[in-house]
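If you use the numbering used here, the sequence shown corresponds to residues 1 to 123, in order.
Hints were generated in silico from the structure; no laboratory data involved.
Possibly wrong hints are sitting among the right ones.
[Unchecked claim] Cut-off 16 Å, straight-line C-alpha distance, at most; resulting in silico cross-link-like pairs (EDC-like, lysine to aspartate or glutamate):
(1) LYS40 <-> GLU86
(2) LYS70 <-> ASP25
(3) LYS94 <-> ASP48
(4) LYS94 <-> GLU38
(5) LYS102 <-> ASP75
(6) LYS40 <-> GLU63
(7) LYS70 <-> ASP53
(8) LYS40 <-> ASP79
(9) LYS26 <-> ASP48
(10) LYS107 <-> GLU86
(11) LYS26 <-> GLU47
(12) LYS40 <-> ASP97
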Amino acid sequence: MVLAAVAFLVFSSPDEGVLEYVYVDKVVASPDDYGEREFKVHGNVVEDSLRQDEAGDYHFVIEYKGKRLKVVYTDLLPDTFMEGGEVVMTGRLKDGDTLHSKEMTAKCPSKYEEEPGAPAKQS
């Protein structure tokens, strides 16, 4: 029994279940490297790119370093989602130029941003 457990640990991949994390520019530069496998991609939501289709799916564009990637998102948008904001999408590339995703992490705006009307901080 112990030998079987050791064999499992030796032959199981340490990366099993871990998704590659990349930025939009890398995906756009080498879309064939991503095929149909699932990965995480980081970028900023392009202003005025958000729309919702008849099926309820969200379509928008994310960008990084001037490179853009279309996204189809099939879940509810998180409260922290905003155009111009940072997101990390988990999904699969389809047709070489569109990420199909059902999981998103929308980065929260800094909790240290000044509130409107608040006095400026002294340095």
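For each hint, the structure was consulted:
{"no.": "1", "hint": "LYS40 <-> GLU86", "verdict": "13 Å, holds"}
{"no.": "2", "hint": "LYS70 <-> ASP25", "verdict": "12 Å, holds"}
{"no.": "3", "hint": "LYS94 <-> ASP48", "verdict": "23 Å, violated"}
{"no.": "4", "hint": "LYS94 <-> GLU38", "verdict": "11 Å, holds"}
{"no.": "5", "hint": "LYS102 <-> ASP75", "verdict": "5 Å, holds"}
{"no.": "6", "hint": "LYS40 <-> GLU63", "verdict": "14 Å, holds"}
{"no.": "7", "hint": "LYS70 <-> ASP53", "verdict": "14 Å, holds"}
{"no.": "8", "hint": "LYS40 <-> ASP79", "verdict": "20 Å, violated"}
{"no.": "9", "hint": "LYS26 <-> ASP48", "verdict": "23 Å, violated"}
{"no.": "10", "hint": "LYS107 <-> GLU86", "verdict": "5 Å, holds"}
{"no.": "11", "hint": "LYS26 <-> GLU47", "verdict": "21 Å, violated"}
{"no.": "12", "hint": "LYS40 <-> ASP97", "verdict": "15 Å, holds"}
When each numbered hint is compared with the structure, violations occur for hints 3, 8, 9, 11.
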